[in-house]
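Undergrad: Single-letter residue listing:
Number of protein chains: 2
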Amino acid sequence: MTTEETKKSEEHSIFIGGKPFMNYVTGVVIQFNKGANEVTVKARGKFISKGVDVAEVSRRKFLEDKNVSVKNVSIGSEEFENKEGKLVNVSVLEIVLKSN
Amino acid sequence: MTTEETKKSEEHSIFIGGKPFMNYVTGVVIQFNKGANEVTVKARGKFISKGVDVAEVSRRKFLEDKNVSVKNVSIGSEEFENKEGKLVNVSVLEIVLKSN
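So the protein lines, in turn, are chains A and B.
What the first sequence shows, in the numbering used here, is residues 43 to 142, in sequence order.
What the second sequence shows, in the numbering used here, is residues 43 to 142, in sequence order.
Treat the hints with care, since some could be wrong.
The list makes no distinction among identical chains, and a pair is therefore deemed to hold if it is satisfied within one copy or across any two copies.
Stated by the list, open to error - Here are the simulated BS3-like pairs of lysine-lysine, each with C-alpha atoms no more than 27 Å apart in a straight line:
#	residue 1	residue 2
1	103	125
2	128	103
3	61	108
Hints were generated in silico from the structure; no laboratory data involved.
Generate coordinates for the entire structure from the input sequences, incorporating the hints supplied.
TA: Now the structure itself:
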């Protein structure tokens, strides 16, 4: 990927964390309103449930006019070092939303 | 579906709830060890993160010999009546694991 392509794909990803729920929904909606064809919702560990909620609420309540569907959902595991320096696994989820 | 088919598909589903994590992992592993080709992990709302963890831990730590892969992941929403009698939406997740 070129730098420009990397930047574009990052711009169209929403990483779910500890901020208020509606921040992320707004993030998804803004991407589509700015003309993105696809937006990816990414979440890890305990934020995965919130990620599914963000994708569903964005799609069903705020993007009805854009007819946004779930293009793909994938799960996996990532290894990372915790505070104690131990390698642990965390589950990851990616939801690709697509404007039709 | 015949009664027998319904029974079979239910037997091969694991519904994630508030029981200890390893109960569900054991449930998935037992299904495969009994000869199931596919096992579906189903979760709603706050249990979705746990569902992804159950699928990933079962697959990666306990079913290495069976070479189990993620066949499909789907998300959606279900309407249900809460304690106050109000209709609310809850996100749902289904992960189909397949023995290769």
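Undergrad: Hint by hint, which ones does this structure get wrong, listed from lowest number up?
TA: none
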